[in-house]
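Undergrad: Read off the chains here:
Protein chains: 2
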Amino acid sequence: MLDAMTSRADTAGAQPQRARRRAPAGAAVLREDVTEAIRAAVFEELAAAGYARMSIEGIARRAGVGKTAVYRRWRSKLHLVLDLVSAVAVQGLPAPDTGSLETDLRLLYEVTSRALRHPVAGQIIPDLQAEAARNPEIAEAMQKALREGQQSVASGIVRAAAERGEIRADIDEDLALDLISGPLYWRAVVVRSPKLPKGHLPALARATTAALKAL
Amino acid sequence: MLDAMTSRADTAGAQPQRARRRAPAGAAVLREDVTEAIRAAVFEELAAAGYARMSIEGIARRAGVGKTAVYRRWRSKLHLVLDLVSAVAVQGLPAPDTGSLETDLRLLYEVTSRALRHPVAGQIIPDLQAEAARNPEIAEAMQKALREGQQSVASGIVRAAAERGEIRADIDEDLALDLISGPLYWRAVVVRSPKLPKGHLPALARATTAALKAL
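In order, the protein sequence lines correspond to chains A and B.
The numbering of the first sequence is our numbering, which starts it at 227 and goes up by one.
The numbering of the second sequence is our numbering, which starts it at 227 and goes up by one.
Keep in mind that the hints were calculated from the coordinates and are not lab data.
One thing to keep in mind: the hints can contain errors.
One copy or any two copies: either way a pair holds, since identical chains are not told apart in the list.
[Unchecked claim] Within a straight-line C-alpha distance of at most 20 Å, the following computed DMTMM-like cross-link-like pairs (lysine to aspartate or glutamate) qualify:
id, residue 1, residue 2
1, K424, D400
2, K424, E328
3, K421, E262
4, K370, E399
Please take these sequences and the hints and turn them into a complete structure.
TA: The structure is reproduced here in structure tokens:
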């Protein structure tokens, strides 16, 4: 999820399937380049201003379009953000499958830490988490994005390790996922350490492997 | 830090030292009960509206005082929040010292998880983390609160375990702190699971102990 979220902010590739699906029968087809410019503008506005301060006016200005171009596609800023979060989730992270729990975790951490270091991710994710605390629709979209992104990859790694007998077959999967995802997120979002020291990710993978084996 | 933050929101005890220190020489002494009513109102406003939407007007209304009563004490809402975060930090969490790494961790997790489950903590902390991403003064105050609260307790536990020889004397302390604090925070703030299953915290303490021994 994180990786897709950040790369989406950098590029504005056309998405013919998505745009066509949204146009109601008989309506004028929405221009895909405008849709993509608006999507990119939302990520930039979210990072700069945050969800609470972000406005449709600001998004339209940044995208170089009129406000009606935004409202023709999304009913409100809530719907805009929910749509972006959902679109990002389905893309998912690559799922490592090296035959070793520790190596799988190291690969997962390399991808995740690159994504978390991206300044856009570092601002947008904490912001949407904060909004989720008081907006059930955002909370639900974030949960879904999480389940289908980061958590589904981590869960694949845990199940493969259980099948190989590296960890207990009846391991508490929720707790295993907390142990896998928590430390790197804490470092990126709470401690906000700009750069990880050399050897950090391999040591984290080694320690987390030991933690999962002790469950 | 978390525990102090939530209990402060529930009670509004007088703090004569603090109030007296703030009054400039020759100025009228500020009424302590008004100061405490404003502090309590800030926590409630932060939880309900969030930092970005929170206003001095809303705080004054909730505290049942005039806007000038707020401005007489703090220059801006930024200074108000910074002052609260700093005041909370110095109180700290109780530091467990049972002679066993695993038991120390279990006690730390019990205190922390109670604090994180509090609805006020669940809304205010993600919100201030989000603000920290775009406001260096808030980021610095949060870092300081973190270092003097949660991180200093966790760091005491790690050092005691190293002295006893339970873990390496030259352990990477930053990574150890990520492993200790990350999983519970991830569960509370990202997964937002309302209730932990029975046996969760002892299992987390056991797994984290194994992780620290593998470092």
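Undergrad: Failing hints, ascending?
TA: 3
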